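Chains as they are written, first to last, in my numbering: chain Z, 1 to 509; chain Y, 510 to 873.
Each hint should be verified, as a subset may be incorrect.
Pulled a few chain Y residues facing chain Z out of the computed Cβ check, cut under 7 Å [claimed, not checked]:
id, residue
1, Val742
2, Ala752
3, Val758
Hints in this document: simulated from the structure, not taken from any laboratory.
These figures come from a predicted structure and were not determined experimentally.
Quick reminder that beta carbons are idealized off the backbone N, C-alpha and C, glycines included.
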Amino acid sequence: MRRTLTAVLSAAALLSACSTAHKDDPAAPEPGALRVLASSELADMAPVLEQVRKDTGLRVRPTYMGTLDAVNLLASGRADGRYDAVWLSSDDYLRLRPEAARKVVSETPVMSSPVAVGVRTATVRALGWQPRNVTWSQVEKAVQDGRLTYGMTDPARSNSGFSTLISVASALSGAQSALTDADVAKATPRLKEFFQGQKLTSGSSGWLATAYKRRANVDALLNYESVLAGIPGLTVIRPKDGVVTADYPLSSLAGTGAATREEVRRLTEALRTPAIQRRITTTTHRRPVIPSVPPAPGLDTARRRELPFPGSRSVADGLLHSYENELRRPSRTVYVLDTSGSMDGDRLARLKRALTDLTGDFREREAVTLMPFGSGVKSVRTHVVDPADPKAGLDAIRADTGALSADGDTAIYTSLEKAYGHLGTDRDTFTSIVLMTDGENTTGAKAAEFDAFYRSLPAGRREIPVFPILFGDSDRKELSHIADLTGGRLFDARQGSLDGAFEEIRGYQ
Amino acid sequence: MLGSASTLHGVRRIVGIVLAVVLMGGVVAAVLAGREADDKGTATKTVRMVIGSEKAEYFADPAVVKALAAKGYTVKAETSGSWAMEGLDLKGYDLAFPSSQAPAVELAARHRVRGTLPRPFYSPLVVVAHRSAAQVLAANGLATLDTGHRGTVRMTALLDAARHDRTWQQLKGASKYGELSGTLFISSTDPESSNSGALYLAAASYVANGGRVVADRSGLDRTGPLLKKLVTVQGAQQTGSDAVFRDFVSGAGNPLVWVYESQVASLLAGGQKPDDLVVLYPDTTVDSDHTVVPLTDDGKALAELLSTDKELRRLAVRHGFRPQGDASEFATDTTYLRQRLTGVRQAPVPTSAVLHEMARRARG
Chain Z
1 MRRTLTAVLS AAALLSACST AHKDDPAAPE PGALRVLASS ELADMAPVLE
51 QVRKDTGLRV RPTYMGTLDA VNLLASGRAD GRYDAVWLSS DDYLRLRPEA
101 ARKVVSETPV MSSPVAVGVR TATVRALGWQ PRNVTWSQVE KAVQDGRLTY
151 GMTDPARSNS GFSTLISVAS ALSGAQSALT DADVAKATPR LKEFFQGQKL
201 TSGSSGWLAT AYKRRANVDA LLNYESVLAG IPGLTVIRPK DGVVTADYPL
251 SSLAGTGAAT REEVRRLTEA LRTPAIQRRI TTTTHRRPVI PSVPPAPGLD
301 TARRRELPFP GSRSVADGLL HSYENELRRP SRTVYVLDTS GSMDGDRLAR
351 LKRALTDLTG DFREREAVTL MPFGSGVKSV RTHVVDPADP KAGLDAIRAD
401 TGALSADGDT AIYTSLEKAY GHLGTDRDTF TSIVLMTDGE NTTGAKAAEF
451 DAFYRSLPAG RREIPVFPIL FGDSDRKELS HIADLTGGRL FDARQGSLDG
501 AFEEIRGYQ
Chain Y
510 MLGSASTLHG VRRIVGIVLA VVLMGGVVAA VLAGREADDK GTATKTVRMV
560 IGSEKAEYFA DPAVVKALAA KGYTVKAETS GSWAMEGLDL KGYDLAFPSS
610 QAPAVELAAR HRVRGTLPRP FYSPLVVVAH RSAAQVLAAN GLATLDTGHR
660 GTVRMTALLD AARHDRTWQQ LKGASKYGEL SGTLFISSTD PESSNSGALY
710 LAAASYVANG GRVVADRSGL DRTGPLLKKL VTVQGAQQTG SDAVFRDFVS
760 GAGNPLVWVY ESQVASLLAG GQKPDDLVVL YPDTTVDSDH TVVPLTDDGK
810 ALAELLSTDK ELRRLAVRHG FRPQGDASEF ATDTTYLRQR LTGVRQAPVP
860 TSAVLHEMAR RARG
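All chains should be modelled from the sequences, with the hints used to inform the complete structure.
Written out as structure tokens, the structure reads:
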């Protein structure tokens, strides 16, 4: 089940490229603009970068991507010549990949933010916590006692999730220095219990915050302090026994010319002036890196132990692998797939290819239901990826995918209702529905009927989000309504690719 | 010298590989120093040089450009890792200016440069500490403090603590500070790619080897396990001395960090007086001797100028470097820094080949 993300990178890269402001090729060089491969979490720096542009004339053209995806892209060599600089939340993981580390010449930290726990203020009171003195063990105890549930981002896709995972594993393993494989093995039972408390997973920090607001039964979020400080009603706690801190190094690339590196150096310098550092800390809640600027009010300045980041790739990847396949709650997903007549030919071929590729990414213990539909649901087939024999389940998914055929009308809402009917409210899984359609609803239940159906569901089932994928001639308004209603998120495969959309949704499952 | 010819070959080959790898990345970066002087027409001679990156800001400083132009020089500086200079084709360059004497000596041998190599300025490696950490070290006999912001760290005691996996929790007084827990260690940069990290191993190996510089395989074997421990406890290491220092200043990271004194001095020269900063001079440390390898007569003349010109020396101090000779030019404010380094033992740095092998083993 372990696999590198490299194979899906080009797709992911295309997809993220589309989410930037530039609809044209983001990698095409443009005079006066620096092409920066940036962590998704840096999207909140837009107003600061605009100020830098006004001050210095230096313009940044960011392409946002998950940190680990960006590292893989660098390692693959496919970022060569396409970017002038790299700006990740942290270069810790990059350093563990020599092929990627070689591409970087100089790294300059621009700001910092530690991992923290944001807890509903009422919960803090109920637990009797003194925010300044809370330790990871106390968080663990509250989870064990069933008094604390939380959400976090997917460590395989988001650096905030990865740093959180490292923090939790370091703290709960009792490791006194950088984590080793033995530490991780020793901590596995405790970590498994800890992650029983995770009720929400997300591919991005932004959606995590949105989903948290809908879900009254999630008490806390684990993320960077900067993200948590921006969410009203959360008490931000930096556990006393240690955190991992992101230091956002702006890095120049070996493959670029001297003039470009000089521009990157100027950008770095501009970002470290007192005025910009002040602006960074007040607008993004990150901490400044120059001593003359204090952190924004509300950011507690008491020192915290810095938990060392693992020094070897085997430890980091091993921890990630056990999180995905062993520690976290498994995912339970229904794929509601449009195989109506209009999908015939190239579209169906693309769907089959995307689904087949996706089988390389399913986690152990995951239950996958394929629900192809036309005028109605055509079949319901569920496969479980059994850790004892993962290949059997995956082969079965591939076989079912190969047998898909296109015919009939498009009964989106009737099929979605079936999907909800099929799913229980198993508390021990991350349950979600993926809806892929290439057209509008033409038959069966109407939108209003589905709305009424959804609202009549018991509370537990209303927590199941639908992640619709825009494809072919599907209707953005119709699909974004479904996403908003159910607390899901819309993905666009029209400008990127279907593989890319399926892949990105993995972070939410 | 190393014990046997085959060891030497082995080590050389490793060095070769390391360099090839570094160079493939195209590490040589042009710093557009001297642009202003170009336009003035007062400068007559253009001197091309390759320098360690920590001096890039010095040579890019408009005041330095002006002072050089006044003497008739325009300087074109490109940066390179000090250890990577050995593999560079230096044809067309007037001088190389690495951040340590050891790579300079290797370069001189390679390019058949004779005579004493000029060392215009230098900077000792120091440990920066948060106040809480410095006080706990002092209370436990691992350090002594002269002022609230300055002291000495005892390397033998510190290495002994590392040898026994001592944690902060085991030190008296540490429990007052929540951030002081876990293994007691100094953070450094990656010794395989960065000079300051390599010099940490140089200093530690000298102490661990009983006050003798490690020069052969038996020395490497003897000190290897401890050095490996010093590195592995740190986990992922940064690759640049600027980044570790900046993390420290921003309050993130380990409370003890191995940096150039020049980094601290440069910060202080900018008017900063950080409250939570204590500079601990190791009782045995190494100097980063910024050493010139003149490749042409112009290079030699420039080195001479850097060493003797009053204005250039003054500007070097402003960038945190200690000019050779008179110590009174350095650190007029001694709250954080020592003006003189009396009582600080200077460990010689192992040869380039030995140091590379030491770093490889420690990281491996």
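- Message: Flag every earlier hint the structure violates by its number, smallest first.
- Response: The structure conflicts with no hint, since it agrees with every one listed earlier.
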